[in-house]
Structure formats: C-alpha cells, structure tokens
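> Here's the letter readout for the chains.
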Amino acid sequence: MADAILTMENIDKSFPGVHALDHVHFDVRCGEVHALMGENGAGKSTLMKVLTGIYTKDSGTITYEGKEVEFRNTREAQDAGIVIVHQELNMVGDLTVAQNIFIGREFMKGFKIDDKKMIEESNKLFDELKISIDPKAKMSDLTVGKQQMCEIAKAISHKAKVIVFDEPSAALTEKEIEDLFAIIRDLREKGLAIVYISHRMDEIKVITDRVTVMRDGGYIGTLITKDCTKEDIINMMVGRVIYEEPKTKSSVPADAPVVLKVEHLNAGRMVKDVSFELRKGEILGFSGLMGAGRTETARAVFGADPKTSGDIYVNGEKVTINSPQDAVKCGIGYLSEDRKRYGIVVQKTITENSTLATLEEYVKGIFINKSEEKKITERYIDELSTKTPSADQLVVNLSGGNQQKVVIAKWLVRDCDILIFDEPTRGIDVGAKNEIYKLMNKLAAEGKSIIMISSEMTEILRMSDRIIVMCEGRKTGELDISEATQEKIMDKATRDIA
Amino acid sequence: MNKKKPKLLSDQRFIVLLVIIALVVIYMIFSPEFRKYSSILSMLDFSYYDVLMAVGVTFPLITAGVDLSIGTGMVCYALVAGRLIRDFNCPVLVAMLLCVLFGTIVGFVNGNLIGVMGLPPFLATLCTCMITRGISSMVMATPWPTNKQPGGWFHSIFKLTFGTGRNALKLPIGFVLVVLLVLIMEFVLNHTKFGRYTIAIGSNKEAVILSGINVKFYHVMAYTICGTFAGLAAIAYAAVVPTVQPGTGAGLELDAIGGVFVGGVSATGGYGSVIGTLAGVFVIVLLKTGLPYVGLQANWQQIITGIVLIGAVMIDVAKRRRLAKEI
Amino acid sequence: MESIKRNAFVKKVGFNRIILLLILILMYIAFSILVPGFFGTARIMSVMNYVYFLGFLSLGVTFVIATGGIDFSIGPVMFCCGLISGYTMMNKGAPVIVALLISILIGFLFGVFNGYLVSYWTIPPFIVSMASMNIAKGIAAVYTKTQSVSWPLSTDPEKGWFRNLVSYKGFPVGLVIFLAAAAICAIILNNTKIGRYILCLGSNREAVRLSGVDTKKWEMLAYVICGTLVGIAAIFFVGAYTTVQPGYGDQYNNEAIAGCVMGGTSMVGGLASIGGTVIGVLIISLLQEGILALGFAKDIQLIVTGIIVIVVVYADVMSRRRKN
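Top line first, the protein sequences correspond to chains V, A and H.
Under the working numbering, the final residue of the first sequence carries the number 498; numbering is consecutive throughout.
Under the working numbering, the final residue of the second sequence carries the number 825; numbering is consecutive throughout.
Under the working numbering, the final residue of the third sequence carries the number 1149; numbering is consecutive throughout.
Don't take each hint at face value.
Simulated pairs of lysine-lysine, BS3-like, Cα-Cα distance not exceeding 30 Å [as the list claims (entries may be wrong)]:
1. K442(V) / K375(V)
2. K146(V) / K117(V)
3. K136(V) / K534(A)
4. K190(V) / K136(V)
5. K146(V) / K691(A)
6. K117(V) / K703(A)
7. K116(V) / K691(A)
8. K488(V) / K249(V)
9. K138(V) / K646(A)
10. K1018(H) / K340(V)
11. K1042(H) / K823(A)
12. K823(A) / K984(H)
13. K136(V) / K703(A)
14. K109(V) / K703(A)
Just so you know, the hints here were simulated from the structure itself, not pulled from any lab data.
Being a predicted model, the structure only gives us computed values, none of them experimental.
With the rest of the complex left out, here is chain V (with noise of 0.2 Å):
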C-alpha cells in the first residue's frame, strides 16, 4: 500500500460559540476512495475548508506529498492539486459552462480570450467523462444534476492529485449517480486520491476503500470499508446519543381529519402535479434527493412562491393562498431549510422575532405593548427550554438549535395547526437535534399536524408517520412507516422519469 499524499493531523479549529473541530486525523493514498462520514454538522465540511485554505487552523498540520503545507486560499490549493466539488455549487450562471470551467485559467492569444481552445478542451473532457454536455450552453439552464458534472469536469481539468467530492449525490438520480461512481472508479485507477463526504451508507459501501467517521467536530475512527459493516459505521457516527424511538407503525388514529388537502399542485418547472393529504396530529415526512421539489411544493403551499394551479383545501374548506399573509391566515406555518436567510431576523431580539407573525396581537392603540410581547416570549423560551440568558437577547447570539426554537416559537405564538418542517435539523448540533425531534413529537400529540421535509433517511424513518416521496417535481411515492424501508424510499426519489 502506498503512502498518504494527504495527511491532516490534530487540525483543531473554533468559531466563536462552537469547537467545530477538534484535534482530527484525516489521511488519503493515491489510488484509494476514502469516505469522510458523519452527521450534519460533525464537522466535515469544516475540515475540508481548512485543507482548502477557506477556513485558517487554530493548529495542527496539513502534510501534502512529503512537505507540510497551508494554503491561503482555493487558487494556492487548486494549483497545488487539491480540488473540492462543492456541495453548494459554486457557478457563474450568466456564463456558458466552458467559461466556468476555465475561470481564473482562461486561454489567452495576447489580449483575448481563446474562447474556441476552452471549447475544444471542455469537449474533451466532457468525452473523457463520457457525457454530454454543450460546452456553449450558458450555465444557469443546465439542470442540477448537469451542473455537478460541469463542477467534476473543472476539476479534473486542474490536473488535480486529491479531489474532494462533498455529498455529490445529494441531487443526483440513479443513472447520474452510476455515471459519477464509473468516473471516479476511473480516477482511482488513474492513481488520483479521492475524498468522498457523504452520509449515505449504501453509497459508501459500494465506491470506497476506506472510511473515517467524524462526531460532534471530534475524530471517532478509521475503518477499511470491506471489513466493516453498515452498522459499525452507524454506532460510530450517532456514538451515545440516544435517539427518540424510531416509529414502527403510524401513531395516527385511522379516522384522523384531513386538516390540509392539496390537489394538482404545478408551480414552476420543480412542482409538477402534486397531490397529498395531512391529518390532524400526523408527521408526515417529504423525502427525495436534493432539487426534487420538495421545498418548492412547500413554498408553493405556503405562498412563498407563485404557483401556476392546483387547489388547497384546509380543514375541509376550499382556500386561496397567495401569499404567505394568507397562508399565515389559513394557520400554517413554514420552518425554512435556510434559517439564516429565511427564519430569522438575526439582528433582532427573540421577544421581536417571537412576535413577528402576531404583532397585530399585541398593540394597544397605537403602541406596541411591550411587556405583554415580553411575556408570552418568556412563556416559550420556558416550554421549549431555549437556552438564553433573557428574552431581550439578540438571536444572532444563540446557537443553531435555540435559533430554530425561535422560529418554532413564532409560530407557535400565533398558535399555527400546520407545521411545515423544512430540513428542521440542518446545521444544528446532535444533541439539540434530539431536543427538535422530541419537541415536534410533542406537537403532533398535542394534536399540529407536521409536514417534515428532509434529506436524512434516518430522519425521515425515525419522524414520520407516513411518507412522500418526491423526483423531479412529482410525486413518486407514498409509504406507510410500517412498510417503508431505506432501499424502497430511495428507489422511488431515484427513479429517472424522463
């Protein structure tokens, strides 16, 4: 066996607030797939960004081929050979993608642009990977899926030594997901080191040599994936946390009410005729592959979006939602996947964002009535047991589970029936991450019906009461938790209509 081009040893690194990583061990061979594992949040990410220089280390060292290294900056690591496929896709959507790929390395004769030689080139790596893509095509009309191949292909064109892939397949179907697995079977014969983040055990067990599984920022261990099995893997990654009890059958009495009815819901080119019912009291979780549509169906239901037809019923009545105001009206709330930029008012008090959804509620005449507002806030900072020191506390100063508490907070002030959950776990660390599931529990046996949307197979396994799955903009699916599995669930969100 060959030895590490990549090592990473005692890396350590903190945000204010959070030690994200905490004196972890990560080393790669030339010639070798090996997994970085662990839950949202374990701290993956974070050490990727450190070896690309995004993030500086508080300590530790990064050897690479022999030499200790730190690089400042993506371009000294990419010149280097270390080159990361991003999770979040990092594209210039108003150029064509041989553009993109060539950016910051463009082909010159004198002053211009060899726009014809990036062409040339972009198709012989398109031919290399064996797809097809039109280098002239302009980058924000390509799909998803499309995009992430363009990202590989500019990575490979890096000469690059180590790739790093950070969860390619979240947005991937079946057939995508056998064209990337063959390239990088491909790129391991050739003798480059890949590093493949993912939480998706099959994936793991099928592509890679060796895994290594991170917990809460800390390193937990190195395994050879041959002599390992699924649930070694797992212990690792979830380690003391004691989960809420999965579900093994529907805690949904049969003559539930439906409390929310949507018929042929069609909203842009991702909500492609979606029915489904909630009833009073149900969890009903939303699973598929990233840019299935779900959280488009969601803030199409919400009012976030426009949509194109398609008819709500609540409680049985016939409404208009075209809005989130009239949404709001209709009881329903909706937790954003992105907190940050769609829950929270970061700047503001938690009394402020409490009341955000209520605020007619709480002025007398004219004023606002402050020490009502504060009241009620205290009252849910006390039930859902929000870590802070006082209700006047700006939110940007909590951590990411208190963050999403507020948001529940808000709407549970304007005593919403129907909960959308988008991704209600993402970025929040494994300990209040069992505290959100508990809470949502709660709610349901106090009777909110909860829509769950999620991209954790565990999550949704271990939340729902009922499943939809979603590919492409439909609806490909419906499983009752007594007979949905891991494989059932993927076969369906992986299934390729087109």
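For this one, chain V is given, so just place chains A and H on it according to the hints.
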C-alpha cells in the same frame, strides 16, 4: 436545451434600434428643422460625451454597482483642465491627457471605496459626485479654446471642418471615433479576462472569489475604466459646450446610466453589452435633443429621461420575473 | 473604556451618541475660539435655520435607510415642493395655507411614487432616486417656466404669517416643531408596528415576508413617510431662506444622509436611531455655518460632507466585518 429562438427579435439591442429609427422618422415627419444636416450634426455633437460616459459606466453597472460621479466628475475635469490652458499656458494636448488622468484617478478611488473597502456603490459615488462638484464649484468658468483660437485643433477630433463660412463642409468624425471605441470595449467585455470577470462579479461574486480570482483587482478596474471614460467624456464635453460652468454636471450621469439600462444591461448585473449601450444612449440623446423640435420645451427632457430610465428597468424586472416563474 | 460603556446612563443614551454629542460641543467651542463673534444667539439662530429643513430631510431618509434602501431624490423633491406650492401661491393666488398643504402633498406623492417602484416593482432604490430626482427637477422647471420663486417676507401682512412657524418674535418655534416631529418619529420607529416591521424587514426582508407580513406595504410606507417629511422640510426651507431656484437641491441629499448615518443608522438597514439623526443634523448644520464663518467658500461643505459620509459608512462596514 438548444432552443433556437428568432434571435434578432428577442435581442433588446435590435428593438432599441427600431425605436431609434422610429424616433428619427417621427421627428423628420413633424419637424422640417430636424431634416437639416446641421441638426443631425449638432445632435451628434452633443451625443459624444453621453456615449463616452455611458460606455464607461456600463462596466460598474454590469458588476451590479453604479457610478453616480461621472457627470459632475466630467465637468470638474473639463473645468480644471480649461483653467490650466488659460492660466498656465498648458498645451491643449496635455490638458486633454490630464482630463483622462483625473478621471482615471477618481475612478480608481471609487473602485477602492467599493471593491476594497466595501462601501455601497451608490453611496460611495454619491460622495465622490459631491466632492468633484465641490471642487468644480471653486474653479472659475472657463471656455476651452474655440475653433479659431490657437489650440482649437482639438475640435477636429469630433468634427472635421473643410472650408469656411456657410459652405463649410463638416464631417462628424467623432461618431466614427466613438463607434470604434464602442467596438473595442465590446471586445474587451466579451473576450478579455477583465470583461469576463466583470460579468462574473455581477453574476455571482462568491463563486468568482472561490475560483481564486483576485476579485478586488477587477472590481477596482471596472470603476477605474469608468473614470477613464468620464475623463474622455470631459474632452468631448469641452468641445461642444461654449463655457463649462462651475458646479454643474449633476443629472448628466442620468442620461448615461439611463442609456445603459435602455441598452439592455440588467439592473441586477451580470449581463450587458457595450453596443447595446451605444444604441440605448442614442434613444436618450434623441429624446433630449429632439423634443424641442416637436414643440416640447427643454425641461421636459429631464422628466422624460427619468421616466425612460424607470421604464427600461421595469422591462428588465418583468423579464426576470417571467424567467423566475418558469423555474 | 469598557466600564464607561457599562454605566447605566451611558447604556441608556448610547455610547456612540454621547461621543457624537461631545463632537458637537467641541466643534462649537472650536468655532467660537477660531471665529470672533461666533459665540452668540445670532449664529445659533442661523444654524437653526439650517437645522429645521435639513432635520426633516434627515428624519425622512432615516426611515428609508432603515429598510436598507436609499432615497437621494429628497433634496430636489424638497425644491420641487417649495417651487410648485410657491408658484401656485404667488402667481395663481392660492392662499398660504393651501400652498403649505400642496407642498406636503407633493412630497407625499413623490414618496408614493418612489415607494411603489422600490417595493412593488423591486427596482433598485438608487435607480428610482436617480429618476425621481430628475423628474422632480423637470416638473418644477416646467411648472414655474424656469423662474425662481420667492416666498412672502414676514413683513407681508397677509401672507407672512407662515414664517411664525420658523420663529415667532425671536423664539425658535421651528426648533420646537422639529423636536416634536423627531419625538413622534422616534415613537413610530420604536413603539409601533410600522417601526417594528420597517426595522425587521431592513434586517431580513424574506424572513419577515415568510412570517406572513405584507413587507411591500410597510416598505412603501417608509418611503411615503420620507416623502411627507420632505414636503414639510420644504416649508421650513422657504420659511428660512425665502427663495427657491429650479434645477437645484441635490447638495442637500448628501447632508441629510450624512446626518442620518452619523447618528448610527446603518446603511444596510435594520438599525436606526432618531436621536442620533438629530445630533447628526446639528453637527452638519453647525459645520456648514462654521465653514462659512471661517471664510471658506460654501462649496467646501460638499467636499467635507462627502468625506464624512465615506468615513462614517466605512466605520459601519468595518464594525460589521469584525462581528462576523
């Protein structure tokens, strides 16, 4: 994916061209005055500085920024240079170069305030707008040399005159010059690193930073080029305005920026074309100089330019909304 | 330093505002020493004349900046208000009270126009400002046929009474009105739904919208409030300076914005202080008086305010960067 739309009709530049033709036809029908060669000539004369400012400001606008200092800046450079010619016997050529230099410096300052220090573009340039205006207010009004005075040769850059008196033949070579500059800058925008990164900054700045490109440098460049063109515009301005007045120039940037938006640059950046800018500015110039011919007093210009600017951006917003609906 | 910041009184008033107040006082002392005869009521009254109209402009633009927007049409719109209402009174025989109402109405209409385009059409505020600035200048010039308008003097037995709004027998009525207006603005901003929504949407528009709040309505309202205050500013301008000329007014944009951002209102929105704005306006007004008193051309003020805004906003940018 490769829908071949009837490309010509969906190209805003083509539509703008039709508008220009329509305007010219309307003016010619309603005003015999406008049909004269001298009218066209004078309209062109007064278009050059607008075009030059607009070509420059196209770049900041594509980065999703703006430069509000070009109008007052232009007047300021022309005044200071004019003063140098009168009081310090500065050769006209040197004065012209100084105009360009001043513009470039102010542009560079703007670029640093915005690209490096991170100030909001409209605010930073509003300040430099006021500063250049303050400076120009303190300089006495100065005419540059007229055609017949020594040093008046610089008028020939924009208008070649053969013969004298009534029969003199005047050729608007400034137009050729301006078109040439437009073509060069269109090339720069589409086929050089500077142009490409200007577009990329306007489209997705984060992605450009992650690509390891020195974004600050190109951001500063965009404003510097804009300043340089404001300096060039100062020469064209001095050539047509009998006496440059101190403390003026506020509002002139509107014509240029309006023209750029009419020409199809997106208000959110990331897309633009210098040729489009040229066409767009001519719509504004036609409205500006043509209105008196159809009996509207000059003050209507400001109102109409303002409305045209809003209209152009509204079209852009509507276009983007339709696109967003499809996704 | 830290202990001063933690003092209860300092906390209540705000550390930055105390610093600002100190700057104001030091400036006054400095000018009094440098310029013989600067100390005294005459100068103060002159400064106050500037404070009144600039104060209303600044109060108005504070609301807009709190939403994360900008309005630099306020100066020319103020002139437009003063010109149209004055012309209607002097040349078309409208009573003074009608003229004053017209002034406020025009400001209000410009506020509606700007607000509608910014919030419902999502046109960038700087573009809207640029357009309405020129539209305001154009309309005023067309209406008055490019004539300047002089409002009646206080000696005018029939029409001069409106000047009592500025000062009555030497008593600064204007100051009382301005401070009252500032107090009302502060209450609106801190204790009513309007202010709460404006500040929150300035901080995170999407989050507020997704809470079921009609953000467009509230954003537009900020511009309408601004416009109305600009209409009032016009009354104080003519009350103090009598003559309005078409085609001008933009020099006051920067001063109003300067007063606002100096007072601690953040250009990115979400954070605003009316008290700070009032002190900021006092500083800018004192500065312009001082510059004139020192014998400099009044245009130096343009340069100085420009630099002040750059420095203050840069400080704001830096403090936010440090926090992240």
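> So which of the earlier hints does this model not fit?
Hints 3, 9 and 12 are the ones this structure does not satisfy, whereas the remaining hints hold.
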